[in-house]
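Undergrad: So the sequence lines, in the order shown, correspond to chains E and W.
Convert by adding 3 to the 1-based position in the first sequence; the result is the number in our numbering.
Convert by adding 32 to the 1-based position in the second sequence; the result is the number in our numbering.
Rather than coming from a laboratory, the hints here were simulated on the basis of the structure.
Please note that the accuracy of each hint is not assured.
Heads up, simulated DMTMM-like pairs for lysine to aspartate or glutamate below, C-alpha to C-alpha not over 20 Å straight-line [to be verified]: (1) W:51 to E:60; (2) E:72 to E:60; (3) E:72 to W:88; (4) W:97 to E:96.
Sample of chain W residues at the chain E side, in silico, Cβ under 10 Å [to be verified]: (5) 67; (6) 71; (7) 74; (8) 95; (9) 103; (10) 129; (11) 154; (12) 163; (13) 166; (14) 170.
What follows is a list of derived Cβ distance ranges for each label pair [as the list claims (entries may be wrong)]: (15) E:77 to W:58: 30 to 40 Å; (16) E:119 to W:154: 16 to 26 Å; (17) W:154 to E:14: 43 to 53 Å; (18) E:13 to W:100: 48 to 58 Å; (19) E:20 to W:49: 21 to 31 Å.
C-beta atoms are modelled at their ideal positions from N, C-alpha and C, and glycine is treated no differently.
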Amino acid sequence: MSHDAARKRRPALAHLIWWFLFAQGGVIAAILIPVHVLVQGILGPLGIVPVADRHYDTWIRLLGNPLVKLYLLVLIALPFFHFAHRLRYLLVDLGVPAARTLPAQAVFYGGAVVVTLVTIWVLVTTAPLAFG
Amino acid sequence: MVKAGAESSSPSSAPRVFKPQMARGWWLRQRHYFLYIVREFTAVPLALWLLWLLYEIQRASTGPKGYYPPSSPAFVVFSVIVLGFALYHSYTFLSLAGVIINIKLFDKPIPSRVIVLSQFAAWFVASAVIAAVLIGFAR
Numbered sequence: 004m005s006h007d008a009a010r011k012r013r014p015a016l017a018h019l020i021w022w023f024l025f026a027q028g029g030v031i032a033a034i035l036i037p038v039h040v041l042v043q044g045i046l047g048p049l050g051i052v053p054v055a056d057r058h059y060d061t062w063i064r065l066l067g068n069p070l071v072k073l074y075l076l077v078l079i080a081l082p083f084f085h086f087a088h089r090l091r092y093l094l095v096d097l098g099v100p101a102a103r104t105l106p107a108q109a110v111f112y113g114g115a116v117v118v119t120l121v122t123i124w125v126l127v128t129t130a131p132l133a134f135g
Numbered sequence: 033m034v035k036a037g038a039e040s041s042s043p044s045s046a047p048r049v050f051k052p053q054m055a056r057g058w059w060l061r062q063r064h065y066f067l068y069i070v071r072e073f074t075a076v077p078l079a080l081w082l083l084w085l086l087y088e089i090q091r092a093s094t095g096p097k098g099y100y101p102p103s104s105p106a107f108v109v110f111s112v113i114v115l116g117f118a119l120y121h122s123y124t125f126l127s128l129a130g131v132i133i134n135i136k137l138f139d140k141p142i143p144s145r146v147i148v149l150s151q152f153a154a155w156f157v158a159s160a161v162i163a164a165v166l167i168g169f170a171r
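Build the full structure now, drawing on both the sequences and the hints.
TA: Structure representation (structure tokens):
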């Protein structure tokens, strides 16, 4: 009984963080990704509409904006915490119990952290900050 | 208190652990199971497309001469497939919000239908703004 009480008192911080990232990543992916795929992946390459990433100068101008950099970090990095969680449990559901283990958690959530760091590096090194 | 299954938990024997047995192709048996797996699988194409976007951003660092935007039919086909999965993720995830989010306004819970509608409205507005920026900043 005292053991249970002690467990209850300790907040599940790790759960809170991973669940928060999972939920937010899911929302970000749901609300932001489809229009990027439609405009940059289909309409732009087919030449149906002009898109900023079709020309170097317009693309680099957009990428130099600090708000755009921040937005792209959220757009690219956050969904990977959602993906990590989903794919780990997808493997469990498909009969890979090893996906529950601590090393698997390190690989999947660590992978999301790596993507976040790489994204920060790319955004910082790609276009110099330009205001306006 | 009555202990269920007391006969099997004598001190000498290890506690029996329930191990669910799932047949290999369980998710192919029912449409609902299949759609659930498709929903979880949407993470793979979405992750691939975001990694491509990151690559597209990185390539801009090579300067104006090294920058060629993708225009191959294969890339468009890839994007069309990804868009299908992306829309399915959006539809399922935003619909779930009605179950997950519980907000009370003046002591009355907001109907889940209203919450789902607000999520879809947010999706629509965000999409319009992003498309306007991507197209508006082009030449």
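Undergrad: For every hint, state whether the structure bears it out.
TA: Hints versus structure:
1. W:51 to E:60: Distance of about 59 Å is beyond 20 Å: violated.
2. E:72 to E:60: Distance ~16 Å between residue 72 (chain E) and residue 60 (chain E) Cα, so the pair holds.
3. E:72 to W:88: With Cα atoms ~14 Å apart, residue 72 (chain E) and residue 88 (chain W) stay inside 20 Å; holds.
4. W:97 to E:96: Judged against 20 Å, a Cα distance of about 47 Å means the pair is violated.
5. 67: Given a least distance of 13 Å, the restraint on residue 67 (chain W) is violated.
6. 71: holds (9 Å)
7. 74: holds (8 Å)
8. 95: Cβ of residue 95 (chain W) sits 8 Å from chain E, so the hint holds.
9. 103: holds (5 Å)
10. 129: Nearest chain E Cβ about 8 Å off; hint holds.
11. 154: holds (6 Å)
12. 163: holds (5 Å)
13. 166: Residue 166 (chain W) check passes; min Cβ-Cβ to chain E is 5 Å, inside 10 Å.
14. 170: The hint holds - residue 170 (chain W) has a Cβ within 10 Å of chain E, the shortest such distance being about 4 Å.
15. E:77 to W:58: 30 to 40 Å: holds (36 Å)
16. E:119 to W:154: 16 to 26 Å: The hinted range 16 to 26 Å holds for residue 119 (chain E) and residue 154 (chain W), with Cβ atoms some 24 Å apart.
17. W:154 to E:14: 43 to 53 Å: violated (30 Å)
18. E:13 to W:100: 48 to 58 Å: Taking Cβ atoms as reference, residue 13 (chain E) and residue 100 (chain W) lie about 54 Å apart, which means the hint holds.
19. E:20 to W:49: 21 to 31 Å: Hint holds: Cβ distance 29 Å, inside 21 to 31 Å.
In this structure, the earlier hints numbered 1, 4, 5 and 17 are contradicted, and the remaining ones agree with it.
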